[in-house]
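Here this note's numbering is used: the first residue of the sequence shown is 2, the next is one more, and so on.
No lab work stands behind these hints, which were simulated from the structure alone.
Worth double-checking, as some hints may not be accurate.
[As the list claims (entries may be wrong)] Label pairs and their computed distance ranges (CB to CB):
1) Gly115 with Ala79: 17 to 27 Å
2) Asn15 with Pro66: 28 to 38 Å
3) Asn35 with Asn67: 24 to 34 Å
4) Val6 with Asn67: 13 to 23 Å
5) Asp102 with Arg78: 10 to 20 Å
In this text the structure is predicted, and so the values were computed from the model without any measurement.
Positions of the beta carbon are idealized from the N, C-alpha and C atoms, including for glycine.
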Amino acid sequence: MADSVQTFRNRETNLCLDDSNEHGLRTFHCNGLNYQKWNVHRWNDGTLQLRNIHTGGCLGAYKHPNGTWVPEVGTCRASQAYSWYSRRVSGGIRLYSEVIDTRCLWGDGHYVAGGRAVHLNGCIGGYEPYATIWF
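All chains should be modelled from the sequences, with the hints used to inform the complete structure.
Structure below.
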């Protein structure tokens with residue numbers, strides 16, 4: 002399957018997944034610029050690699066020294082830390098980290114750099130049920 006370029010808009014905030022050297026990973030008002038475009042490569046096992054068009058970095062998950070898992074954009078590697086599962090749900094998709102599949106990309110964090118922080122949180126429920134849904 003050929004790679005595709007996609008934008009990921011959060012169902013809760015209507016903001017787009019955005020990465021830049023200046024502000025890092027966040028959600029931001031959708032504007033169609035390369036900061037918000039992601040090259041999606043599907044591996045043979047069905048997982049996805051999401052490479053930002055502007056920065057060239059890949060979306061991954063890493064374990065913070067305090068024990069929490071956080072999303073990051075870093076050097077692309079063929080590893081579980083930089084692989085995601087996409088599952089269709091009502092209203093869009095959820096992106097599950099392959100390295101910790103009980104956590105989904107969550108797009109409604111605290112305000113940061115004119116946008117919102119991105120986290121890895123529980124995939125279902127909570128007080129913002131659409132924060133883990135992207136379209």
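Hint-by-hint comparison with the structure:
no.: 1; hint: Gly115 with Ala79: 17 to 27 Å; in the structure: violated, 33 Å
no.: 2; hint: Asn15 with Pro66: 28 to 38 Å; in the structure: holds, 33 Å
no.: 3; hint: Asn35 with Asn67: 24 to 34 Å; in the structure: holds, 33 Å
no.: 4; hint: Val6 with Asn67: 13 to 23 Å; in the structure: violated, 35 Å
no.: 5; hint: Asp102 with Arg78: 10 to 20 Å; in the structure: holds, 18 Å
Figure legend: structure checked against the earlier numbered hints; hints not met, in rising order: 1, 4.
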